[in-house]
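Undergrad: Got chain L sorted already, so can you dock chain S onto it with the hints?
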Amino acid sequence: MMGKRVGMNGDRAVAFAAKQAKVDVISAYPITPQTIIVETLAEYVNNGELDAAFIPVESEHSALSAAIGASLAGARVFTATSSQGLALMWEILWIAAGLRAPIVMAMGNRALSPNINIHCSHDDAYAARDTGWLQLFAENVQEAYDLTLLAFKIAEDHRVLLPTIVNLDGFILTHAAEGLYVLDDKDVDSFLPPRKPVNPIDPDNPKTYGPLDFTDWYMEHRKIWYDTYPNVPQVIKEAFAEYEKLTGRRYVQIKTFNAEDADKAIVILGSSAGTARYAARKLKEKGQNMAVISLTQYRPFPRKELRTILEKFDVVAVLDRSLSFGSPGNQLFMDVATSLYNAKKKPLLVNVVYGLGGRDFTPRHVEQVYQLMEEVQKRGEAPEEPVWVGLREA
Amino acid sequence: MYVSVKATPIKSLKELPRTEQFAPGHRLCAGCGIPQVVRFALKAVPDPKVVVNATGCLEVATTIFPYTSWGVPWVHVAFENAAAVASGIEAAFRVLSKKYGTKKPKIIVFGGDGGTFDIGFQALSGALERGHDLIYICYDNEAYMNTGIQRSGATPKGASTTTSPAGKAVPGKMERKKNLIEIAIAHGIKYAATMNPAFPIDMYNKIVKAANTPGPTVLHYFTPCPTGWYFDPSRSIEIARLAVQTRIWPLYEYEDGKIRITVPVKDPKPVEDYFKLQGRFRHLLEPENKWLLDEIKRDIEENWNRLLKLAEQK
Numbered sequence: 089m090m091g092k093r094v095g096m097n098g099d100r101a102v103a104f105a106a107k108q109a110k111v112d113v114i115s116a117y118p119i120t121p122q123t124i125i126v127e128t129l130a131e132y133v134n135n136g137e138l139d140a141a142f143i144p145v146e147s148e149h150s151a152l153s154a155a156i157g158a159s160l161a162g163a164r165v166f167t168a169t170s171s172q173g174l175a176l177m178w179e180i181l182w183i184a185a186g187l188r189a190p191i192v193m194a195m196g197n198r199a200l201s202p203n204i205n206i207h208c209s210h211d212d213a214y215a216a217r218d219t220g221w222l223q224l225f226a227e228n229v230q231e232a233y234d235l236t237l238l239a240f241k242i243a244e245d246h247r248v249l250l251p252t253i254v255n256l257d258g259f260i261l262t263h264a265a266e267g268l269y270v271l272d273d274k275d276v277d278s279f280l281p282p283r284k285p286v287n288p289i290d291p292d293n294p295k296t297y298g299p300l301d302f303t304d305w306y307m308e309h310r311k312i313w314y315d316t317y318p319n320v321p322q323v324i325k326e327a328f329a330e331y332e333k334l335t336g337r338r339y340v341q342i343k344t345f346n347a348e349d350a351d352k353a354i355v356i357l358g359s360s361a362g363t364a365r366y367a368a369r370k371l372k373e374k375g376q377n378m379a380v381i382s383l384t385q386y387r388p389f390p391r392k393e394l395r396t397i398l399e400k401f402d403v404v405a406v407l408d409r410s411l412s413f414g415s416p417g418n419q420l421f422m423d424v425a426t427s428l429y430n431a432k433k434k435p436l437l438v439n440v441v442y443g444l445g446g447r448d449f450t451p452r453h454v455e456q457v458y459q460l461m462e463e464v465q466k467r468g469e470a471p472e473e474p475v476w477v478g479l480r481e482a
Numbered sequence: 002m003y004v005s006v007k008a009t010p011i012k013s014l015k016e017l018p019r020t021e022q023f024a025p026g027h028r029l030c031a032g033c034g035i036p037q038v039v040r041f042a043l044k045a046v047p048d049p050k051v052v053v054n055a056t057g058c059l060e061v062a063t064t065i066f067p068y069t070s071w072g073v074p075w076v077h078v079a080f081e082n083a084a085a086v087a088s089g090i091e092a093a094f095r096v097l098s099k100k101y102g103t104k105k106p107k108i109i110v111f112g113g114d115g116g117t118f119d120i121g122f123q124a125l126s127g128a129l130e131r132g133h134d135l136i137y138i139c140y141d142n143e144a145y146m147n148t149g150i151q152r153s154g155a156t157p158k159g160a161s162t163t164t165s166p167a168g169k170a171v172p173g174k175m176e177r178k179k180n181l182i183e184i185a186i187a188h189g190i191k192y193a194a195t196m197n198p199a200f201p202i203d204m205y206n207k208i209v210k211a212a213n214t215p216g217p218t219v220l221h222y223f224t225p226c227p228t229g230w231y232f233d234p235s236r237s238i239e240i241a242r243l244a245v246q247t248r249i250w251p252l253y254e255y256e257d258g259k260i261r262i263t264v265p266v267k268d269p270k271p272v273e274d275y276f277k278l279q280g281r282f283r284h285l286l287e288p289e290n291k292w293l294l295d296e297i298k299r300d301i302e303e304n305w306n307r308l309l310k311l312a313e314q315k
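Protein sequence lines correspond, in order, to chains L and S. If you read the first sequence in our numbering, its first letter stands for residue 89, the second for the next number, and so on. If you read the second sequence in our numbering, its first letter stands for residue 2, the second for the next number, and so on.
Isolated chain L (complex conformation) (with noise of 0.2 Å):
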């Protein structure tokens, strides 16, 4: 059941899910780290492994748009975008969400210019949380391949209908080969059977779609919108139980690593909970405890868990791969404080900035950040700035 072990890069991992998916159209621009991905359906298309239509568009911002007419007419939609392209298509990414239109794009996370920076920040996907758009965060190219599968099943499912990101670090996982376990079409076809839309274009059923809201209704269909996020993560179990039946591979909204009698517990995103969690290992040698918490799903926001996880213990640190000019935080730490701001007992929130840019993180950083915790602790107080783990040392 857990299929056929093969190496590939994440962007080839991801573009083998699309294609096992059996998408019916394909509209991206290429942006490096992403381009793989771009490039491997283009041949997928074109050397005939994969009925589809693949649209080579002429920017981002048309590639979502095709993207969400595609996704309109019934189609089962993928595209793929990294960095300045996910800020070109940022306008439409809110109308996709808006529109109900479930399509599933694969982001190789990637800083923000300037200065340009090809390498991995998670620039990208914050500047996405707020769309409307779920988001869920691969750990290594596994992880890849497979949310990239579950993003279809989430995404068309008729509680959810709405577009899914599959982030993945860029070069971390979209260059670097990794053996994965594929699935046989055949599991796949079962597991996604062709979608099934909702009010799809239909000429002898005409509707409009995108209409214009006065100030009567755009409230109301705020609150309709708003009120689909809480039916997510239901969907997302369901989907996570189903799989795990298909592959034996288990996935949960919230991965906790010795989470059971650790007093300090860093959160984070990605690539880096790996080295994370080999790096609390090596602590817990030497008589060091800390809970590594990495998020799988993150949006929605798993609020209410991870306030049930987080509460109990006495310092926590919030590991930001990006920045958030003039904000009370960094992104994650923004929502990790609200989420346990009504918290009977709450930890000392620590931020630390981490791996901007493609910068190494490595287990020496985890433990700089295990020795800033005990500091802390010992304090009883958390310092009001973030810190910054891995800035060069002139």
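No lab work stands behind these hints, which were simulated from the structure alone. As the structure is a prediction and not an experimental result, all values here were calculated from the model. There is no bait here: all hints are sound.
Just the calculated beta-carbon pair ranges, DEER-fashion: (1) L:A329 x S:K99: 30 to 36 Å; (2) L:A431 x S:T228: 56 to 62 Å; (3) S:K99 x L:K434: 53 to 59 Å.
Covered stretches of chain S, going by a simulated chain L footprint (3 or more residues, C-beta under 8 Å): (4) 52-62; (5) 65-71; (6) 76-83; (7) 126-138.
Glycine is no exception: its CB is placed at the ideal position from the N, C-alpha and C atoms.
TA: Just chain S, lined up with the frame of chain L:
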């Protein structure tokens, strides 16, 4: 792969199909030229069809929730991406018809001059270059009328708009209008034409040709705007006709590599006849702006002669 039902040309307005797929009760201004092209396009293009609309006057005036004027599937996503959205719909139906036998509709895109000449230009160019099967209709009221009356790349030289106001130092817009048709033709498309509501049979038959042409086609439609041009709504068609009779708006088509003037204008009327009816041009008739009026006249003549040459060459 393409719609099998052929669109049929007409010889008189009595032959217009009776079916109405654009409902009365829309909120476009009295005297606006946009609804004519919409009604005609929905009549001329056989079912099944889908309309994609860029943000603009047409979109905001016809789909105020919970009402809609559209009896065909209608999609609006944003201002600048109608051609890209249409590309996606077209590609989707191409695949779905192959995989599941879904009927493949003809896609009609409506964009104003702002959404076509300016902000939507890149998406349009991309769609034309990729060869999607769609009819792109630009309704050109020669300024951003949905946001007021701001100049666009389609605003003619000399016109006064709120962002090119006729002042003492600068008497209106100083630049010529972009040549949409020739830019479209340069993409290698098979059919393109200009249209005008005062010449309805000519307009209808051009839409028919576009509907019967596989791949992308571009129709450039002149639409008078009483609000933005400052004229009495009852004179809308008169002004539209004058635009053709003065050679300001030549009616022509590009088909199979040939340009053909479809409404010849042997003895043009003076451009002043056209200008004096509209507030946006009134300052051009003042003596101090004679130099600009002369320049505009030269431009019109030059453009007409060039068009004649292009039409003769073939």
